[in-house]
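Visitor: When you get a sec, could you build the whole thing from the sequences and use the hints?
Numbering-wise (my numbering), the sequence shown opens with residue 1 and increments by one.
DSS-like cross-link-like pairs, simulated, lysine-lysine; straight-line CA separation at most 30 Å:
(1) Lys129 - Lys12
(2) Lys86 - Lys12
(3) Lys41 - Lys113
(4) Lys97 - Lys129
(5) Lys41 - Lys51
(6) Lys12 - Lys51
(7) Lys97 - Lys84
(8) Lys41 - Lys86
(9) Lys113 - Lys129
(10) Lys41 - Lys105
(11) Lys84 - Lys12
(12) Lys105 - Lys84
(13) Lys51 - Lys32
(14) Lys51 - Lys86
(15) Lys51 - Lys105
(16) Lys113 - Lys97
(17) Lys51 - Lys113
(18) Lys32 - Lys113
(19) Lys51 - Lys97
(20) Lys105 - Lys129
(21) Lys84 - Lys51
(22) Lys113 - Lys12
(23) Lys41 - Lys84
(24) Lys97 - Lys86
(25) Lys129 - Lys84
(26) Lys113 - Lys84
What follows is a list of derived Cβ distance ranges for each label pair:
(27) His119 - Glu79: 32 to 38 Å
(28) His44 - Arg99: 19 to 25 Å
(29) Arg99 - Lys32: 30 to 36 Å
(30) Pro65 - Ile112: 19 to 25 Å
(31) Val128 - Arg75: 18 to 24 Å
(32) Arg100 - Lys32: 26 to 32 Å
To be clear, the hints were calculated from the coordinates, so they are not data collected in a lab.
Only a predicted model underlies this, so the values are computations on that prediction, with no experimental measurement involved.
Idealized CB from N, CA, C, for every residue including glycine.
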Amino acid sequence: MDEPHQTSSRRKILFLEDEPFIGEIYSRALVKAGNEVNLIKDGHQGFEQAKTGTYDIILLDLMMPNMLGLDILRRLRTEVPNLKSKIIVTTNLEYSKERRAEIEKQADGYLIKAAITPHQLVDFLSNVK
1 MDEPHQTSSR RKILFLEDEP FIGEIYSRAL VKAGNEVNLI KDGHQGFEQA
51 KTGTYDIILL DLMMPNMLGL DILRRLRTEV PNLKSKIIVT TNLEYSKERR
101 AEIEKQADGY LIKAAITPHQ LVDFLSNVK
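Guide: Given below as structure tokens:
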């Protein structure tokens, strides 16, 4: 039996984010929208979870402790070639146009956290196929 307010768009989201406030507000919005969210604050632990391939979407902060997000992204793309998860990079860092383009080639999306509200994140992810 379906729970009330649950839709067929329910997704499993791995959220790799070490900043507690950002992790909490975005996770709350994603759960409220009917998603299942696993918030991990450590890069190495996040990489190990991401490799399982059990997530529809991976929200990947680039500045993670114990393993940087860029390393996680690179390793997922080289070590887990059949990964079905969509990887959306989230950052507040300023990168050169060239560096950002390089990151975007490896990811399925790129978001500036300071420029997106929790509601906008939910909307953005609802359009990720």
